[in-house]
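**Q** Guided by the hints, dock chain B onto chain A, whose structure is given.
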Amino acid sequence: MSPEIGHYALVLGLALALFQSVVPIWGSRKGDATLMATAPSVALGQFVFVTLAFAVLTHAYLVSDFSVENVYLNSHSSKPLIYKISGVWGNHEGSMLLWVVILTLFSALVALFGRNLPLSLKANVLAVQGWITVAFLVFILKTSNPFARLAPAPFEGRDLNPLLQDVGLAIHPPLLYLGYVGFSMSFAFAVAALIDGKIDAAWARWVRPWTLVAWIFLTAGISMGSYWAYYELGWGGWWFWDPVENASLMPWLAGTALLHSAIVMEKREALKVWTVLLAILTFSLSLLGTFLVRSGVLTSVHAFAVDPERGVFILAILVAFIGGSLALYAWRAPLLKQGGLFAPVSREGALVFNNLFLTASCAAVFVGTLYPLALETLTGAKISVGPPFFNWTFGPLMVPLVIAMTFGPLVAWKRGDLLAVAQRLTVALVVGIAAIAVTYAVTTGGPVLAPLFVGLAAFIIVGAMVDIAERTQLFRAPASVSFARARGLPRAAWGTAVAHAGVGVMLLGIVGETAYKQETIVQMRPGDSVQVAGYDLTLQALVPVQGPNYRDLVARLQVREGGVPVGMMEPAKRLYTARNMPTTEAALKTRGVSQLYVSPGDATADGSIAMRFFYKPMVLLIWIGTLVMMLGGLLSLSDRRLRVGAPKPSARRAAAVQAAE
Amino acid sequence: MTTIGTPAPASRGMTRKQRRLTLIGLALGVLGLAAGLVLYSLSGSITLFQSPTDVVEKNLQPGTRMRLGGLVEGGSVRRGENMEVAFAITDGRTTIPVAYRGILPDLFREGQGVVTEGVLGPDRSFRADSVLARHDENYMPKEVADSLKRQGHWKPGDPAPNPNAPARQR
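So the protein lines, in turn, are chains A and B. The opening position of the first sequence corresponds to residue 1 in my numbering, with each subsequent residue numbered one higher. The opening position of the second sequence corresponds to residue 1 in my numbering, with each subsequent residue numbered one higher.
In isolation and in its complexed conformation, chain B is listed as follows:
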């Protein structure tokens, strides 16, 4: 990315070398700024994905901010006053109750994969402040698919656990 090539008449202020150094200095400065911003921001805005079993096995402490994903347990959805919703997320081995207030995404259904983001409360309950939506009923969030695979409840190649799944899907 050097820009200066032909020999310069040194009479006009800076010499060729000085100009090149200025440019390299500026480039390094911008790169340094970018790298600094990236490192600073990365430390603050990362959330880890955990499955319900992770929560138990890793003995995560209350107050931990994370993404919790799994299947919405069948029959667990309860709607309360003031748009309060309670449901449970399971990976087949462990189940964590989740509380959420607000409007659920259109494709939120019992028995389907879901990813929520929020804070782990005391006695291993989860307070979600967002429930991630998807665009496609056959789409299974990758993290959820992986965690279900580990628990042996879902094999790659299977359609997502969905009663309306098509008979033949390439």
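Chain A with its partners taken away, still in its complex shape:
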């Protein structure tokens, strides 16, 4: 396939996107059903063309067509197949193309599955999606054409950055983008609601599954990226509070708040104006994240070479969309009718509490990430804001949040009784205190606060179980009754409990890794041994190994626990020959949910090698916790009420008004 076909398909996609951003919304303003009805087919057409362009680029990678500059710069004929494919989005141009593919995919999903959406809402939503598509397609065609050709075609490619030749990073960008771009749906729904000047529970019922899908993917993407940084970079850290990481955390925090406020809106028709604002902010932060990563304005340990002119373009997109949507919000939001009344102590109140703390912590991360940029622009001083800042702002804001998270699901709607809830949580409290006591007794050293956090994690996990036990009347009713109730429980209730338990599991992993890890660096020769956390590691030999597109110097280490061999660890210093670029391949040995971690340094002329050893207790719980959270999200997504679609708005409103009386 000729690369020009891909280029042409992108231009056709842009033409359709221009149509989609004007005609349907014009139809909805004029009340013309024919014009509105054009949106779905145009959205599908766009998806087809943009996907075709993506397929053409992928094909060029697969056949190593080095006449395409993008392939030449990022691929190599000896590269394994999976990295030829992942190389497509392992670079700026390709990853922006993937961004747009996902954007049009979401538009196509609305077109296909939005049959029971009101016609004008659907037309407006697709039009807003069209605006975003136009902006990014123009960006690609103008500044980042992935199909640019080289003449004469080079004989061999320059290979993909070796750090990106990794399974974790092959799937990290698509997951992250599905999350980032998924929030464009809630954004489009919010803007569409503002244009129409009306919003109701049916709207929330539509927005929630999209937000949930985006949230699940973003959680997966962040988690994957964190695990990649942990094992591939060889520093043994899993979160660095780096601008690029923060860029993905901010939309996650805002998106989590949005998920929760949408519940209040759906069930109680309250928090409408706030939910719309959150939807706008969440996608704005996604755009900001794209800008921060793609423009290189911030110094990041994860930074790759970037082109500043592109940054200006993305900044323009950013200003247009954020500024435009906030202006629209200021103008139209007062039209939205207020609803639902509740007491401060109530389920709604708990969710408001959640929203306050999530947005406050998001704001704190925002300040820490952008303060250096603002200061440099204003005064020229170059500063960096270190991890202590984030630990001291983000940490204290998270503690009340996770405590409230345990109480929230047990509080009744409208008016709750905090004391009754506390009584029902007695079991969780007892387990938490027991966990603190046990941790104090068992561990030596470590920060004084660490056992308290272990207790908090136990409280959260058991609290989530109490939630389910209460709903099923476990131990109070006969087992058969409890079982029947458990089956009849809405999946969303299961989802809440599971996702909240996931937070506890993750917290446990974070405390274990942060407070009780052990670390040592030693210079070793073959035959030397080192002791780490009860394990003996012996360096047997340093062996050169030839890989497909790299050379390894492998350090063979035998691991013994109490004198008994439990296996080998083989970290390596790797040299990618095409780029002459060295990387460190850390070795991991999993023991339960804990890990031994070995990262080699440079071998010296006298035959010795520096080695860095970590023992990371419970470290795997960090990522297992995020998996549990995602499982909770999936359970909630499978809830019947989200599948059967929204009831007629008028009937729903009447019911809600009745319920509110």
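Please note that the accuracy of each hint is not assured.
[To be verified] Listed below are the simulated DSS-like cross-link pairs for lysine-lysine, each with C-alpha atoms no more than 30 Å apart in a straight line:
(1) K17(B) x K198(A)
(2) K142(A) x K149(B)
(3) K198(A) x K30(A)
(4) K267(A) x K198(A)
To be clear, the hints were calculated from the coordinates, so they are not data collected in a lab.
**A** Same frame as chain A, but now just chain B:
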């Protein structure tokens, strides 16, 4: 972000106004807490970036914690016992010797840009406790690029000073 709209029957405990005030109070409290934490932490966890010339011109005192960045001077890297490494950071005008103990990042090379964090010692030597790594051999830390530009050693648009730089880079 107001949440209460329809008139309430005032019979149930709080009035509508009281509920709204409670909520606003809570919101302000959380914002205040966040702002307080931000201000408190910002004062303690900021490090300034300095170029070697800054160190001399601003006459920075020993004991100053900072980020020092520039190019690793060619031929300056010496490896000693026990993972001690000595090298020099230069911006073309001024050169500062740096001592570091530990494992250097993979892409640490002579003639390339580097950012280190640590404490300025007596007689203008620098003790680094971390050397920042990068993911990409063409990537030049922005602060280093700016400071080299000021000294006239690097023009925007040039590839980073790297012998393996590609012939054509968009």
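**Q** Tell me the numbers of any earlier hints that the structure contravenes, in ascending order.
**A** none
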